[in-house]
Structure formats: structure tokens, C-alpha cells
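In case you want the letters, here they are:
Protein chains: 6
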Amino acid sequence: MNTSIPANPIRPTIPLDRPGKHHGFLKLPYSRNDSAWGAVMIPLTVIVNGTGPTALLTGANHGDEYEGPVALQALAHDLQPEDIAGRVIIVPYMNFPAFRAGTRVSPLDSVNLNRAFPGAPDGSVTQKIAHYFQGVLVPMADLVVDFHSGGKTLDFLPFACAHYLDDAGQQAACVAAAQAFNAPYTLMLREIDAVGMYDTAVEQQGKVFVTTELGGGGSLTARSARIARRGLRNVLIHAGILAGTVEGGDSVMLDMPDDDCYHVAPAAGLYEPMVDLGETVAPGDPLARIWAADRSGAAPDIIRAQRGGVLAARHFPGLIQIGDCLAVVAVTGG
Amino acid sequence: MNTSIPANPIRPTIPLDRPGKHHGFLKLPYSRNDSAWGAVMIPLTVIVNGTGPTALLTGANHGDEYEGPVALQALAHDLQPEDIAGRVIIVPYMNFPAFRAGTRVSPLDSVNLNRAFPGAPDGSVTQKIAHYFQGVLVPMADLVVDFHSGGKTLDFLPFACAHYLDDAGQQAACVAAAQAFNAPYTLMLREIDAVGMYDTAVEQQGKVFVTTELGGGGSLTARSARIARRGLRNVLIHAGILAGTVEGGDSVMLDMPDDDCYHVAPAAGLYEPMVDLGETVAPGDPLARIWAADRSGAAPDIIRAQRGGVLAARHFPGLIQIGDCLAVVAVTGG
Amino acid sequence: MNTSIPANPIRPTIPLDRPGKHHGFLKLPYSRNDSAWGAVMIPLTVIVNGTGPTALLTGANHGDEYEGPVALQALAHDLQPEDIAGRVIIVPYMNFPAFRAGTRVSPLDSVNLNRAFPGAPDGSVTQKIAHYFQGVLVPMADLVVDFHSGGKTLDFLPFACAHYLDDAGQQAACVAAAQAFNAPYTLMLREIDAVGMYDTAVEQQGKVFVTTELGGGGSLTARSARIARRGLRNVLIHAGILAGTVEGGDSVMLDMPDDDCYHVAPAAGLYEPMVDLGETVAPGDPLARIWAADRSGAAPDIIRAQRGGVLAARHFPGLIQIGDCLAVVAVTGG
Amino acid sequence: MNTSIPANPIRPTIPLDRPGKHHGFLKLPYSRNDSAWGAVMIPLTVIVNGTGPTALLTGANHGDEYEGPVALQALAHDLQPEDIAGRVIIVPYMNFPAFRAGTRVSPLDSVNLNRAFPGAPDGSVTQKIAHYFQGVLVPMADLVVDFHSGGKTLDFLPFACAHYLDDAGQQAACVAAAQAFNAPYTLMLREIDAVGMYDTAVEQQGKVFVTTELGGGGSLTARSARIARRGLRNVLIHAGILAGTVEGGDSVMLDMPDDDCYHVAPAAGLYEPMVDLGETVAPGDPLARIWAADRSGAAPDIIRAQRGGVLAARHFPGLIQIGDCLAVVAVTGG
Amino acid sequence: MNTSIPANPIRPTIPLDRPGKHHGFLKLPYSRNDSAWGAVMIPLTVIVNGTGPTALLTGANHGDEYEGPVALQALAHDLQPEDIAGRVIIVPYMNFPAFRAGTRVSPLDSVNLNRAFPGAPDGSVTQKIAHYFQGVLVPMADLVVDFHSGGKTLDFLPFACAHYLDDAGQQAACVAAAQAFNAPYTLMLREIDAVGMYDTAVEQQGKVFVTTELGGGGSLTARSARIARRGLRNVLIHAGILAGTVEGGDSVMLDMPDDDCYHVAPAAGLYEPMVDLGETVAPGDPLARIWAADRSGAAPDIIRAQRGGVLAARHFPGLIQIGDCLAVVAVTGG
Amino acid sequence: MNTSIPANPIRPTIPLDRPGKHHGFLKLPYSRNDSAWGAVMIPLTVIVNGTGPTALLTGANHGDEYEGPVALQALAHDLQPEDIAGRVIIVPYMNFPAFRAGTRVSPLDSVNLNRAFPGAPDGSVTQKIAHYFQGVLVPMADLVVDFHSGGKTLDFLPFACAHYLDDAGQQAACVAAAQAFNAPYTLMLREIDAVGMYDTAVEQQGKVFVTTELGGGGSLTARSARIARRGLRNVLIHAGILAGTVEGGDSVMLDMPDDDCYHVAPAAGLYEPMVDLGETVAPGDPLARIWAADRSGAAPDIIRAQRGGVLAARHFPGLIQIGDCLAVVAVTGG
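Chains as they are written, first to last, in the numbering used here: chain A, 4 to 337; chain B, 4 to 337; chain C, 4 to 337; chain D, 4 to 337; chain E, 4 to 337; chain F, 4 to 337.
If you're looking for bench data, these hints aren't it; they were derived computationally from the structure. Take these hints with a grain of salt, some might be off.
Quick list of the computed label-pair ranges, beta carbon to beta carbon [unchecked claim]:
#1 E:Pro121 with B:Ala301: 41 to 47 angstroms
#2 A:Val139 with E:Pro121: 58 to 64 angstroms
#3 B:Pro110 with C:Asp125: 26 to 32 angstroms
Restricting the straight-line Cα-Cα distance to at most 20 angstroms, the calculated cross-link-like pairs of lysine to aspartate or glutamate (DMTMM-like) are [claimed, not checked]:
#4 D:Lys30 with D:Asp20
#5 B:Lys30 with A:Asp297
#6 E:Lys210 with E:Glu194
#7 B:Lys30 with C:Asp263
#8 F:Lys30 with D:Asp196
#9 E:Lys30 with B:Asp196
#10 B:Lys30 with C:Asp262
The beta-carbon is built from N, C-alpha and C at its ideal position, and this holds for glycine as well.
Put together the whole structure using the sequences plus the hints.
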């Protein structure tokens, strides 16, 4: 009886350490009804030049978040080996099956990649992706940037983010990198339930880690794409991989100090926001109304702010379900 | 052989002409696998007082457009009989099955209600709804307001809209009502392909008709909801049903003079907008880029403006398909 | 340009008029993704002997109603040519695709066969079936028996049924046949909306027509199967096709005089019946309660009898939707 | 590497131990495509007064069984704190996603809650529910009542049930509680395969446990709802939580002594029951016939009783599949 | 009330008559849930040079037949304007939505394009495609070649085909063109049920029409692709559009004189062919066996040849359904 | 806390060791929405006579591969106890749910049975099947034959196969059995990734194991069925279970020495094979072309042979996805 852990079946089709710029795939064998000897082909670009740190850059950890994929495709296209010192590993569509489907979780196994770490080499497709990053790509990196946005069901003020960590030195390095990103807002975050997150997997390996929320709704704007492209270059400059100076204005610091920041829908129905992202609210101000979806004339549920602050995130679709997060009120400074 | 047209099976559960305020339903019998003797129950509010015109007010003609439903629910809740002179018929969720599903077309028959007129009394569910409006509700009305937005796949600058009509007097009345709506923008439109539209059905009955596009993405904002609520009251005031004065600032006139306004995606892929709604472009300016969705490093398709103007509408989702409308450039004035 | 009506493509695989007993199919060519040159094969048994009337006997007009199919399969198996004078045409599974799927309407086109008459030879599968009965089988018949029950979403007291008809002689013949069926209850019915029904199609050809409702819930009982088998033999005896005497006790006459008989669910939720089939109610008695399906502790909706009588039909599933028929209160005598 | 078990993410929105009557939810965070920060909200009512035992009362362990939900909603609505001594925890829709879908197993993970114990805090939604009951709610309880019926595919005589247990004292307490329920029948049962059952999880914690089968078919009757409501009050009276005396007549004891009680379908087809629930059969009596579903005229399979007794359970739908349990013949007494 | 027929909404994105070689699309506007202002983009290549006939060449009339698409893509790529005299219109994927889905009928409306003629300008997507060919492209053509194969559920000997026509001159021209194709076999065919076929639509406009069956199974071989490419060039040479001489050996003439050629599956099950395509059978020879799919050890159904000849077509998948065409036995000569 | 492994719930309905020939099922209890007390019934035939080895014979390990099922049904029907010495256990449809669905993996759990070993007694349906073979049936056997073909997405030259094993004696016995099968080709194979395969599970128990690839495309031919039936008898003769002599000509030995044998699709599109199975290629020869599936006129991707040899396997469907195995070039001899 052999209880050893099987090897991860993913193989890159290009070398991960050869000087120059190579475009290829992470090939994940996937036998299924419509292809007995098929594969999931996750696009990959690796740029190597001279000596310097390694940056691992990922988008579409959730498949319906687009600022990261756009900024990473632009970087993969524009960046030349001679521009850098070190190595840049670009995976614009990390959860590729979810990206192709335009969905948060993978259509192949319904798994949320950002709750699947450390993954499993003999698990489902998403678990294999997580395991490969955990065991192969993250260990190669000094700096890891993972792009997020709100996806189809949430919308966020644009911010880069660092976590409170036990290792003060690592935390300081992460905060410096997040501030270098220079999004309009910067958030310090202590995850309540960090089990299975890519963030945690990366930080536990001692890496400098930056993540973002840059918009949402399953779309992007010219403005949010510019924030993503600029922040990405800023972080690479900050890391010494790219030459130049960090661009952009002063980022506003945000904090979500406690559970009162989160407002939950008490009923299902038609959602009417009363406050827009970035607007300021006082305690008790109406944040939203929920109207009956099956009749007319009934009084709406009114959801009021549990605390004062700035609206940092909100529910996106016009219909809402009981228990959905409806609004997040953050405080500035910190 | 009896070739007479069968009667429309829809029945209101409340009177359409009794003074006071009544909430009920348009009941459409619908036999199906999960309910042999079931029905589609379309919410309906009717408010009657004294003498005056009749306004027929509808939302969710497309089920994923939300400014109209929110404004109409607020009106149905807030408006009292003593506030008005005449009659207000409110159907906030006109294509109710589509509204409940959060989809443009009905999940019951895949029919687009706004291409289903004049409908059929023995057709599919959506065709029966069209036929009932065509034959029963529209004839009762003097003024018809039908709310639209971009839905899940388009985003618009907020505007009210009137059509170029053969009858100059009717056109003038419609333009006056659209301007009274007083959205940030007002558009004059000549539909190329008006076959099957509710707009056409209403206008052919000689009614004053106002429609809108107030946002999109399958969501709404506090701002767009305010525009809808205010515009609705403005139009009722303009019609003499509600007392008061029209509110709001100067509306910008927009025009879409020819087919060059419309820009179509030449390929499928990851969509990166380069211009945001309301921004000005010159001919040849890049409007968007489309990146390969299955590989990294390839050069994007760049879509350039065919004419100068203001970006009035754009594709919404982060992924785009070949043939999708990607951007509409309008001209101001008119 | 040829505007002639195409021929119906259905062909029986056995002769419809040869003496003896033959089992075969109505073969309906059906080209589709999983069979380019496939067919729908509707089981058919024809028994012919000597001279006498023709009876056309059908079950599974709705695919989830089972007393008819069971009684007809038993008859097709047990009945011998020498038992009869005339002809018996047995189609136990009239809407065969719906029967195989266990659904009311056909899974191939979502069409309710009992609203598809007179059908179309070049329409969908269900429309072709309707057209074949309309044009070929019904014209051959003197007596038509079509079995119904409540299906998966309704439950009925067991009754045979005749319609009020313009032709008094035809009506008397139908009533006599329905009474000969001798179910526990017998109902006289004036259909409000008879458009598209098989019943109407048969009656308009001047035939003697009997239909039934014998239970429901998508199941059957030993008792309801016995009622169906016995009633079927009784009607054939009554028609002079089979020798013997009509069996069974006195049938109770029922009437549904007006729309007040029908009680509709005012809201969706968890359905609690307060009265069982066959029980007597007084006006105002609670018929059912509807509890909230998304929260606990809320007061239920109570639905009260609009008139006195006997509970003749009721909603079946434990969940109910707004607009569903919840209960039918009939009156005895008539 | 941290191998500690993560905490269960479910949180009640109301206190579980505060005097009075509170309605709220068990909130289970559930991130998914249509709600990134969504939740499953399982309705919960807690009633606390003075000192006394704790009863944990659950329905919809299987989502298509309705007597329990109805009786528990009525109790949650009617019962007042002053009526009781102790605590009553009511979860009318235990597998809430299955209940909303009207299905036996959860539509979210296809898991049968009653085979998911002891559950897992980081498993699928149903596994999290099981884990929360196992670790939080059951330990609080002295008495546990879990309502079952046959669901959409089985139908049962109405009975309460206790298991043969290794601990004679616990067994006696369970039998006494089941008899106090006072359904028309009472069954003693030794589960063959108890792995994963809620029953086993509760009994292994030493609790007094009562379960039921009260009908089936995915519906309920006025009679079966009365049995459920009365039995529930009887058990609470028996436990000393509610004042009063146990109501109802003499319950018939049933036993299913061996595997010969179970009759299995030898082929797929159209199912014709020959015996109804509660009727007596002798060995060799026909229980049912199965007719061919794809042709007419063929001889049916006849399934005969393997032993004498009373028909206690049967297959429900009109179609049957090979291997389905077709009938259960029980013996009286015991 | 305007009862005029609306115009077909399809527009080519390239000119249909400009000298040179142009690649573009037939753009069919298609509003739907995932693209409000979307389109179906059907690939189109037009090559024009000098004077000469027009050939209209189509593949994927059924979306799972591949020899035509491959030969037409090769032609569109290889053929240069200077190679031809006249015009070649190439639509390699005629029912484009079906082609992309790999299905016989369109996934958008479940319509079989080859039964949808003459189509409708305001019908479903497939009906619009039919109407555009009927009204725009076919009238432009002198020669029409439409490629077919067996698709996923049938397999054929490779043959080109002409129909028996009322116009002897037209028939002779079609036969000459089919023989020029020079597939290994050539078939003369009288369609029994030609209603709605593209073949009929083309022939009724008096055009020279060639169709084929070149294999099947939803695949193609190197050999069948060569037959298609060579046949296509042969026909263009025959028509005088391309210079050169017709290639290939002697084609065997086949005939299907009557209904006895067709053998139908009498039961569903596991299909075992006993004869391969091109093999000769005598009357009574076993063509195939059908084994039970739900049990082992039962005797198979044996299907025997109703006439002698050569096996020209057969069922493809390993499972078969009752009523499926199992085998076609043709006769040689003619 | 009981951590012991639960027993496998599968039970045969016939004895596995009684002399004679018995047909029955492996009954696997399976509770689900459409049958609360249902089962998966896997057909099973056992033939026992005198003393001799036990052969375990399986087909439909993948549900869309048909040569094995046909040969095993013929054997189960034709073979008589007196023909053999020993025992033959026939399971023609090993992954029965996949076989009924015509799919590679099970529709019940999406699990590939041939990657599910050693299985789990409390896992999903496919895992239970694997566990039962692993723990009950394989241990009974001396010889195991498992039939494979290419299924719906691959096509193979017909070969029997043995693996390189650490135990030289076991390997020699397996090679001898594979050669005795006497398919047109015989292959020696070293699996790279044998984790979870039935092959490995059998070989690790020290059994003589033969597997095959006999065609593909989700169909079979008269020729491939003959190869399967003959090979099966040959192996039983070779094992001494059946009397007689091995039939058939000389089998060609094939080898796949390294990864260069495998050719992968570099892009999605329309697949055009340039070489057929069994044809010889030189390095650099074109194996296939891939044409754009969304436009016409673009140059195809050409896939060239990485080595010389014979085409032993190829992609089957007319459409291909990036990463699919497109062709396998084997070398003869070995």
C-alpha cells in the first residue's frame, strides 16, 4: 500500500528560468467526456533577464474579475526582457476555466480557487491548480501580486491591500508594496477566516504579498484598468525589477475595524441603493431599500448604517437575496 | 372551422377604474409541469382620483433593467389618490418572469417582450402579455412611460428618449414629455427596425410615449435611481396628473445620426475599455482593446472611433463576443 | 409557390382495420441531435372482430397521469378479439414523450397536448400527434374515452365527466356513457376555455366522448386503478362492444356551478391543507394555510371557503406558488 | 503545517438561551457565482422559559417531506414562552436548500443530510449543517424529535419510531417518547446501515430521540398534518416541557423483522399497485404489476408478497425503475 | 395595420460582387440574455474575377458534418481570384451556431436548417438564415453545392447525389455535376419528404444542385477530406469556373429503389453491427444485433436484410433507440 | 468514535460460486431525489463448472466504449457451463451509469472509474464500484480482461496490451495472454501515471491482466466486434478455461517509446486529419491541420510528425480544443 503523495500533473510548456520572454501554458491533463486525453491550458508568460527578484503576478483567481487580466495581458505584451532585472511570471487567468466561463468559481468542480489552498495533486482541477502554485510557483517568488475586484455580485472602491501579519518585518514589506501600488485607496486588513486563501498560502511562505479590489460588477472601466496597469508597474518598480519612479497621487488609507462595517440583506427582493461608493454616511443613514419582488405597493425594508464612514463596497445586482452582503462602510485613516 | 381570434386570458384581480388605490395582479393562467392549474401573477397598482389623463407606467420590459422597477415601486407606495387628478396604472415588472429570473428575455419562452408586439392571445406567455397591453391597457392611456436601462450586457449615459414620428403634433408632445423627464441627457431617435417594439405599438395608437436608458450592467446606483424617481414625477407633473413643478437642471441633447455611431467587436476576447461613458473622443481614438482569452502575449485588437463625439453607450461584461456592440459614440446638440 | 398543407408524417406499423389483435406503434419521424433518422414510437394496440362500433381509448394525454395507462395496458393484454363486436383502438401513452419523462407537457417542445388541437402536420412533435388524432383516428371512432387524473400537482376525487353541448342528443349520449363508467363521482362540466382541447376536437366531430379525473399526485392507488379498469369495461359494455353488465354502485353527481368553486393561492409558501378530498365545508371554513418558506414564526395566510360544498380537488405538492389553484369546492346533485 | 480542525462557520442571528421567544436564522456563509459574499439563512425559532429540559425539533432533514415543517411552523407561531418550562429549539427546515428546492438532497452539493453526520466544518454546505447540529445544537438538547415522511418517491403508513439501542435505559426512554407521540402506528426499528444518520449521531450522544414517517408523495393531508401537530405536542407534554395530557387513541405496534419485508422492482416500467397502505396481504398475494413503458400488449411483471402482513410502505411515482423499493410488508404486534 | 413582410436583417460585411477575394461575415443581429445588442457572425468568403458563373458552396448545413467545412476552408484559403472565371461564394459553416456546438440542429432554436426553407425574416435565428439564402444568395447562383455527411448518429459510404426532377434538362445538368464530383459512389435520389429542404428550395429556383454524403460519426478521415476537396475542385472545373480536368476514378452508381432499403431498430439497446459499409448482403442476412442494455444473458434481437445489396449507410452510436434507422441497403447500377 | 472502515454496500443478487449459469446484478443502494430507496443495478453473469481458473471479464469501464460490452453479452448468452472448466465472471457494463448515459465518466458523480481505484465503500457511486472490484471480485480472479476502446473522442488501431511490470514472471504471463488475444496489433506499455487505474489495482494483486484498445468514436464496426469476440475466446482458451485453439493471424507488435509519440493540438478549431490510422509517416510529415472555427480564409495550423512511425491513435471529433491529444505515432517491432 503506497500512501505517498502523487506528483502534481501540471507541466509548463515553456521553461520557467530561461532568459528572454516566452509565452506558453501550464498544461493540466483533464480526461472528460468531451476529451478523453484533453487538458486545461492555462496561459503563462515568463520574462527573465539578469539577476534580481522574481515577481509572480496573477489575475482571475476569481473568474469574473477583469482589471487584473487586462493589466497582466498588457504587461505580457509590452514588457521586454531588457526592461527588467530578475524574473516576471505572469498568469493572467489563474483559474482559467472560471475565466472562460465568466464565473467566480470553476465550472468544472464548483470550487472557489481562493479557498482551495494548499490544494491537492490528485484532487479536482481547481485543487490541482492551487497545489501547483503552492508547491512550485510561489516558492520561486519574492513578490506576489494577486488582482481581485468585486466580480459580478459586488462593487468596490479601488484599493490595494496588505494584511496584518505576525511577522512585523514581513508586514512592513507588504504594506510598503501595497502603498507603492498607489491605488486611490489602500486598505489594511485582518482576515477573519483565512483558511484556504491564496493570500495565506503566500504569506505563510514568507513572501511579500499585495492584493487588490479595483471595482466590480463583472466589468471594468477605462479608469479602473488604468489604476491596475499603473499599480502593477509601480509595484515592479518598488521591487527593483523595473526601473523608474512610482506614479500616482496620494492614496487614502481605509480600515474596516469590526463586524459593524458589514450590512446584510434581511430579506430578498429588489435592491435600491441610497448611497454610492465613496460617499460618506452617518450612523442611521439609509444605505438601501429592498422592495418586494412579487407584489407592488408594499413598504420596503430600509437598511440603515450601523456606523459612520465611507461606503467602500456594495451589492451589485438589482435583485438581492436574504443574507447577501449589502454594503460595507469603512473608516478613513489608520 | 372557427377562425375567430380567442380572447386574451389575462384578468386583473383589481378594478382598473375604481377611485382610490388598489394593489393586485394581472393574472395569466399558465399550465405547466410544476403547476397544472397555475398562473403568472404580474404585480399591478392602480390609483384613480377625479378627472384627468391616464398614465400607464411600466418597468422591466426587459427583466434585468432596474431603475424603472425601483422608481415605480416607490411611486406605488408613496403616491396617494388625493395627490392626483386622473389615473395612474403602474406595472413595475412588465415581463414578470424575466424580472424574477434577472434576465433580458423571458425564461418561459425565450421571447424578448420588446419585440413581441402586437402579441397573440393564444401564443406563449410573453406574447400573451404583449397582446394584453396592446389590446387593453395601452388603449386606456393618454401617456405611456416605459423605463429601460442597459441590462446586464450594456451601459448607457442616463437619458430620456423620444422618436421621430410621422405625426408632427404627436412627436412634439412626446419630445415635450421626454424633456420634462429631465434626465441628464435627452435623445431623439429614429428606430431602424421598430418591428415588434412596445414603443411602436404605443405610438401607433397615437399616445404620448416616453422611454429611457438610465444606466446598465444589471445594477443601478443611488444616482440613477434618483434620476428615475425624479423623471417619473416630472412627467406626471407635465401631464397634469400630479401638481408641482418639474425639477432638475439642463438636460444635454444627444443624437445618433448614422450607423457610424455603432462600433462592433471584430473578435471575441477580454474587453478593455479605453474611454468611459460621457468622455469625448476624436475620430481614430482608441475606444477599446480586445485581448486573447486563451493565450498570453498576443497583440490586442484595437477598436478606434469611427467618428468624434461623446461615449453614450458601451459593452458591459469583461468578456466580449464577436459581433457584440462595443461602443456607441453620440453627438451633442440636435 | 406551393401552399398546400403537407401530409401528416405519422404512420402506424400495424393495420388499423384487420381482424384480430395487433400490437405496434404510431411511428413519428423525428430528426434530432441524438438521432438524425430517428422516430417517436407511440405504442398502439388494435383489436378488431365482426361488426360494431369503434372505440378510441387514450391515456397519458398528460404524461404524469397513470390510471388510464394502467387500465389500457391491462385491456390491451387481456382483451381478445372474440370478446368484442367492433373495433378497439388503444393508445395507452398518447403523449408518449411526456409519459416517458413523467411530465405533464412534452419534454420535446414543452407543448400541452390537450391545448394543441387541431395540431399541425409540420409543427412540433406534439402538434403532429394532435393533428394525427384529429385527422385520422378520431374520424374512425364512434366512442372516445380519454383518461385524466390530477398529475403531479393536483389531486381529485375520482369522477367521470361529460360536457354541456349544443347538440342535446350528443350530450345525452355522452352523459349516458359517463354514467355508465360508474366512477364514485360523475361530473357535468361546461369548459370555460375549451380552445385547443382534445375534448372539443372530439365533440366537434360529433362523437360520444367520456373523460375522467381519477386521482392525482403523479401516482395511483390500487383503488383508483380498479375504478379505471372497471369504468373502462363498463363503457365498452354500454357501447355494445363488450358483452356483460355494467358494474359498480351509485355514482354521486357533482357540479361546479361558478368561479367561486376555485380557490387560488394568494402567496407562495409551505402549503398546509385543512380539509381532505371528499370532506364537506361550510362557507368561511379554513381550507388551507400557507406558511412562510423563508422564515419561522410568521403568521400564516389562511384561505377560507368561498362557498359550501365538498372538496373535489386540491393542490398537491407541499410547496405552493402564488396563483396556483389551491382547492376546488363542488356541490353535489345536479 | 496546521492540521487543527477549523471552526464551524455557522452563527445563529438570535441568542440560543435568552428567555422569551425569538425568531431568526442559522447563518451559513456561502460564496458562489451569484453571491460572492452570500449566505444560506436557515430559519430558527428559540423559546425559553424557566427551568426544564431542552427539546430540539427538526423538519425537512429531507427537503421534500412536509408534515414536520407544517407542525413546527404552527408550533413556532402558536407556542408562547409562558406555555413552557425549559427550552424549545425549532428548525422547521433543517436542510433549507433542499426544502426550498422541494428535493430530498441538497441542490447545492447533492448530499443527503441524513447520511452526512458527523459532518465537516470545511466541507460542503450540507456537511457544515450536519457538523453544526452534531457539535452545537444536539449537545444542548435532552430530547430530539426529527420529522420524516416518504418524500416524493415513497408513501408510508403514519408512525413514530424508536430504535433498538445498546443502552436499555436510553432505549426505554426513546420508546416511551415514541409511544407518547401516539401516531396511528408505532414502529420499533433496528437500522442495518446507520452510518451517517442524524438518528445515530443523536443517540450516540445519549439523547432521547423520536423520529417519524407520516405519509409521503411530496405532499401532506389535513389528516397527516393533524397527526404531526398532535404528536409534537404529545411529546413535549411527555417531556414535561408543556403542560397537559397526551391525546389520541391506541397506536398499533409494527415490526419489520427481516429483509423479506422489502420488495424490489425487478424491472423498470409503469407501476400498478394491487394493494393499498394498511391493507393485509397473505404470502404470494400480488402486491403490484409492472407494465412495459415502451410498448403495449406485453404481459406485466407481477410482484408477489414474500410474507404475510400489512402494507406499511410503497413506491409512489407512476413510473418505477429497476431496483426501486416497491413495497414494505410489516407485521403487527411487537 | 401593416401586414407587409419585414426585410431580412442579415447583412454581409463584405461586398458580394467586388473583384478580388474578400473574407467577412453574414451578420445576423441577435438580442439575447448574454448580449443585448449581439449578433451571429457567419463566416463568408467571396472570390470574384472576370465573367463566368456563380457557385454558391456551403458546409455545415447540419452542424456536426465536417468534410464540407474542411474542403471549403481549404478552398477559401487556397483559391486566388486569378484562378477563376466568375464568382465563388463560400459559406463553410452555414448553420454557424450548430457548427460551433457540434450539433445537427441549432442550439439557439432547435431548428434543423435543412427543414426550415423557405424560412422567415422575423422567425428564429435558423429561419432567418434559411430566408436569407432563399431570397438573396441562391438567386445569385448558377451552381449550388451543399456538403453533407452522416453527422454524429449515421455513417455513409462516400457519394455525391442528384435528385430526380420534373425538368429533364435541369436533372441532366445536376446529374452531370454530381458525376463530375466523382466521389467513390454516386446516388440518384427521389426525396419522399422534400418539404423544407435546402435542396428543394435551390432546385425550385432552377439551379444546378449537387449534394453529398461523405462519411459520418461526427468525424472525418484523411481519405474523406481528400474526396471532398477533390470533388469540390472537380465540380468547379466542370462548371467552367476553374481551369483543369476532373480527377479521380470511376464512381459506382447506387440506387435506393424503395422503402425496403431502410431497416429500423425494433427495440432500444446495445447495437452490434454484423456488416460494414460497402459489404454485400443477401436477403435474410443478419445486419445487426441489439443486446439488452439493462441486463446480461438475454437473447439479442437480430435484424436481417429485407433485400440484397450493398450496405450504404448505418447507425453510428453504440447505443440505439427504438425507431432509429439502423441500416440502409442500396443496389448498385442505375 | 468509530473510525473503522464501513462495509461495501454492494451485494450480488446471484451466488458467485454456484455451478451452472446465473444472470443477475450487482445491487448498489443509491438514495436520490428520484428514488429515496433506489439502487444501481449492474448486470452480472456467472458461469461455474468443475475446477479451473477464474476469469473476471469487464466492459464499459468507460461508458462510451462498445467492443467489450458486445463481446461480453455474446459470451454471456452463448457460453454454457459444460463448455468450461473453472469460473467466468462477466460484467459487461462495469460503470453501468456511464454506459446507460453513453459517456466516459459517470453522470452520477463525474468520476472516471479507471482513475478511482482502490475506491471507497462510503464514497460516491463510482468509488463504491471500484472498491467492490478491488476488495471482492479481483481477489477471486486468476485472469482479468478489461476491454477498452477510444470512446467518443479518440480512435485507435485495434490492439491488446500488456504492461511492463516489476515481477518478470507476472509480466511474462500477461504478455502471453495479450498475445493469445491475437488482435491485429499488440502493444507493450509502461504507464506513466498509473495512479487510480484498474490495471494497476489488478496487477498489484498479482493477477494476469489483459486490456485492449479496439477502435473508438463511440461506435464499433462488424470487424472490431469480431476482433473482440475472437480475442476473448482466445484468452479463455489460453487460460485453460475453454477448450480449443487460439484463432487469428500474426499480430503486429507496437511500441510507444517516448513522449514524442504524442501530438497535442496547439489551438482550438476545425480538425482536418491528413493521415489515417495504420498509415506510415516520416518525421515532419503533416499529421493534421486545424482551421479557424469562427472565420474563413485564415491559414490553418499544421501539426507535423515529431517522429516517424505508424499512426496508432487520433483525435476523433471534427472540432478540437487546445491541449487535446491529436495523434499518436507508434513504432512497430519491440
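These are the hints, each one checked on the structure:
Checked against the hint of 41 to 47 angstroms, the pair Pro121 of chain E and Ala301 of chain B passes, with Cβ atoms roughly 43 angstroms apart. For Val139 of chain A and Pro121 of chain E, the Cβ-Cβ distance of about 60 angstroms falls inside the hinted range of 58 to 64 angstroms, so the restraint holds. At roughly 27 angstroms, the beta carbons of Pro110 of chain B and Asp125 of chain C sit within the given window of 26 to 32 angstroms. Restraint check for Lys30 of chain D and Asp20 of chain D: satisfied, since their Cα atoms lie roughly 17 angstroms apart, inside the 20 angstroms limit.
Only pairs whose Cα atoms come within 20 angstroms are accepted, and Lys30 of chain B paired with Asp297 of chain A is accepted, the gap being roughly 13 angstroms. Between Lys210 of chain E and Glu194 of chain E the alpha-carbon distance is near 17 angstroms, which keeps this suggested pair within the 20 angstroms criterion. At roughly 16 angstroms between alpha-carbon atoms, Lys30 of chain B and Asp263 of chain C fall within 20 angstroms of each other, so this suggested pair holds. At roughly 15 angstroms between alpha-carbon atoms, Lys30 of chain F and Asp196 of chain D fall within 20 angstroms of each other, so this suggested pair holds.
For a cut-off of 20 angstroms, the pair hint linking Lys30 of chain E to Asp196 of chain B stands: about 15 angstroms separates their Cα positions. Taking the CA atoms of Lys30 of chain B and Asp262 of chain C, the gap is near 14 angstroms; set against the 20 angstroms cutoff, the hint holds.
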